[in-house]
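Peer 1: Taken in sequence, the protein lines are chains B and A. Going by the working numbering, the first sequence opens with residue 1, and the numbers climb by one from there. Going by the working numbering, the second sequence opens with residue 1001, and the numbers climb by one from there.
In case anyone wonders, no lab produced these hints; they're calculated from the structure. Where a beta carbon is used, it is the ideal one built from N, C-alpha and C, also for glycine. Mixed in with the good hints, there may be bad ones.
Claimed, not checked - Example chain A residues on the side facing chain B (calculated, C-beta under 10 Å, incomplete):
no.	residue
1	S1051
2	Q1052
3	I1058
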Amino acid sequence: MWNKRRDEEPPKPYVPPPSHPPSPVAVPSAPSFTESKKEAAPVSSTPIARSDMDARSGMASIGKAVKIVGQIFSKEDLYVDGDLEGTVELLEHKLTVGPNGNIHAGVKAREVVALGTIQGNVEAADRIEIRKDARLVGDIRTARILIEDGAYFKGSIDIIKPEPARAAVKLPQPVAPAAPPPAAAIAGAEVKR
Amino acid sequence: MPGGGSPPGRFRHGGDEPEVVTTRRSRALEEFFLDIRGQSGLTILDLGGASQENVNFITNLGHRLYSENFLQILHETFGDEGTVDHSNPGQIEFFLRQALDYPEGHFDGVLLWDSLEYLAPALLRAVVARVHKIARQKSQMLAFFESDDKLERVPCYTFRILELSSLQLTQHGTRPAVQLFNNRGLEKLFADFQSVKFFLTRERLREVLVRV
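With the hints as constraints, model all of the structure from the sequences given.
Peer 2: Written out as structure tokens, the structure is:
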């Protein structure tokens, strides 16, 4: 299941230190979070570094003790620090794979930042960053690429011309859902099996 | 470590030895790219792992870049400094599947850098045969070899393309010389190829262009 936790790493409730206000990631307050299904919040269940939290503020987040198998469609930026198998689509948004993140999936996003592992083909309309110590095995199609020393990359790189004006992009008309939304939809991210 | 900017962080020789960065003019590199000038959408294989400079240079020419961190895969397969026998057929086959598993005639150019110097004879023959197979006929391969074939240890380099005829070499440490070649040895090594062209340089690294 998408929110199955690893046996070897039992979840620990995140208790923010009393001197600090609750993290916007740990306790989401953005409208998109409240609109999402309330079944399971995909937030990290383990304490995270402050700089990490800053980077993640305002993003949907999949914590490092979470494993998802299936398809993810997201209409907001997404931070993945857990395991993910399947496909990931954030066509207008940014995907960040945290240092503990392990994605075994095809990825389509506006922007991809890899600090962890991605195994699969990646399409990033705007840019992709492969940071130091990240590992990416797969073919990349993007407009811009940044590879830091210390990153591991195996695959091909196709540079595509960035799309012209955003205004020219035809957005799909909203369609009323024919079926009830997936139970696992989370923080703007949709998980299908 | 060889190869257009192999990530120094992952696999490197030399421990804490400071890196030495130099730039050099490379006529072989220039000729490699002049040979495919005016064309775009070609497929170039870089065995040195991905570096920002090489990715930029090759993709700015309109080519598709394939990146393999040859030495890291070598290290993972055979151990650091070749602790595992390079002549084990099973290991050789495994290595080829990991590093050079591409269709026949797939590449329009191959940047080998100095990776062949890390290979003992059996593995070297297998790698050269595989590269010959996956490179398109009449395409070119660029390789570097130490010119002093009596060294016991040789420097490890990272190669980065700065301009059409300019390379940045970062030396980090040394490694035992597995196999060093004179010109005759190189001609024998590439006997199945169309031609081998040597470029005279004042540096210790010989530049060699091999026509498939």
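Peer 1: Could you run down the list of hints and mark each one as holding or not?
Peer 2: Right, here's what the structure says about each hint:
1. Nearest Cβ of chain B to the Cβ of S1051/A: about 7 Å, under the 10 Å cut. The hint holds.
2. With its C-beta approaching chain B no nearer than about 5 Å, Q1052/A sits inside the 10 Å limit, and its interface hint holds.
3. Using the Cβ-Cβ criterion of 10 Å, the hint placing I1058/A at the interface with chain B is satisfied: the shortest such distance is roughly 8 Å.
In the structure shown, no violation is registered for any of the earlier numbered hints.
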